[in-house]
Amino acid sequence: MIENDDALERLLARDAPRPADGNFTQRVLSALPPRSQRTAGWRRSFEMATRCGLALALLVSAQHWYVASAGGADTVVALALFLAPALAAASRLCGPLIPRGFLRFFRFGVRDWR
Amino acid sequence: MLIARVVHDDDRAAFGELVRRHQPIVRGFLRRMLGAPSEYSDDVAQETFIKAHRAIRGFRGSATFAAWLCAIAANELRAEWRRRKRRAEFDDDEIADALPSADSEPGVQRDIAAGLARLSELQRAALVLCYEYGLTHEEAAAVLGCPLGTVKSHVSRGKARLREWLGCQRSNHDRK
Chain Z
1 MIENDDALER
11 LLARDAPRPA
21 DGNFTQRVLS
31 ALPPRSQRTA
41 GWRRSFEMAT
51 RCGLALALLV
61 SAQHWYVASA
71 GGADTVVALA
81 LFLAPALAAA
91 SRLCGPLIPR
101 GFLRFFRFGV
111 RDWR
Chain P
1 MLIARVVHDD
11 DRAAFGELVR
21 RHQPIVRGFL
31 RRMLGAPSEY
41 SDDVAQETFI
51 KAHRAIRGFR
61 GSATFAAWLC
71 AIAANELRAE
81 WRRRKRRAEF
91 DDDEIADALP
101 SADSEPGVQR
111 DIAAGLARLS
121 ELQRAALVLC
131 YEYGLTHEEA
141 AAVLGCPLGT
151 VKSHVSRGKA
161 RLREWLGCQR
171 SNHDRK
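These protein sequence lines are chains Z and P, in that order. Under our numbering, residues 1 to 114 are what the first sequence spells out, in order. Under our numbering, residues 1 to 176 are what the second sequence spells out, in order.
Keep in mind that the hints are not guaranteed to be accurate.
Label-pair restraints from in silico Cβ distances [as the list claims (entries may be wrong)]:
hint : chain 1 : residue 1 : chain 2 : residue 2 : range
1    : Z       : Thr50     : P       : Arg21     : 43 to 51 Å
2    : P       : Ala79     : Z       : Trp65     : 42 to 50 Å
3    : Z       : His64     : P       : Arg12     : 49 to 57 Å
4    : P       : Arg21     : Z       : Arg35     : 19 to 27 Å
5    : Z       : Ser30     : P       : His8      : 16 to 24 Å
6    : P       : Pro147    : Z       : Asp5      : 15 to 23 Å
7    : P       : Arg60     : Z       : Asp74     : 30 to 38 Å
8    : Z       : Gly22     : P       : Arg83     : 27 to 35 Å
9    : Z       : Ser69     : P       : His137    : 53 to 61 Å
10   : Z       : Ala68     : P       : Arg5      : 58 to 66 Å
Hints are computed from structural coordinates only; laboratory data are not their basis. Backbone N, C-alpha and C fix where the C-beta goes; we use that ideal spot for every residue, glycine too.
Same shape as in the complex, but just chain Z (with noise of 0.2 Å):
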């Protein structure tokens, strides 16, 4: 049936499923936003900014804490059940506190394929 690549490829060209109606065409038009939000791109950088400075608050109010108390290793694993639970429900409340492009900045480009 398949002698070679070629007729795998000429195989798969072939057969490879195109769904296409115009049923599919009105579903996404009437999806879109009406043309009067274009002003969500400013909506979506509010938000990143209000994650990002929830982030920040948290983290210097542990720097506070950590400044005003004796310090040490009991106030760092104090300050880590503190910070925790803080900035998952903050993410859980809010989306995430980092954005996911700066994250895989830090995966040096390799994409989550699981």
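Fit chain P to the given chain Z structure using the hints.
For chain P alone, coordinates are given in the frame of chain Z:
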């Protein structure tokens, strides 16, 4: 021209034409990657086009529009997988839901879909993009965020495994 009309005038008819032209590749790619039911992959395809509309000002024309859309679709695919924490494990009946072309044998269609589903996600994505939808290896590498050599090696291994699978299926059919 259509893209310029969408960017400058937010021309919905022009965007509709872009959707009409490119939906076979985007929906087909997602259907191959996500399997059945097709409503599920069409939801992701719809989200892909909405994101494309939002980001179309950023399209610089360094790749084809189809490859740019596929890159957005691949991002949506990863996001969907992350959201649902769903491993791409499909059974043969679900995979065969992909639409057959008019002149192909249903058995071959089914075998190809099942064979593709047995490949790793990157092998499948590379084969589907390069051979089913005609992207170049360079475009597929950009879509998948991999080095060119990695894509070539996935394509080569994927083809070998798919040929082996189709050969086994053929032998099984002949025995019956």
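Of the hints given before, which are not true for this structure? Checked against the structure, the hints that fail are numbers 1, 2 and 7, while the rest are satisfied.
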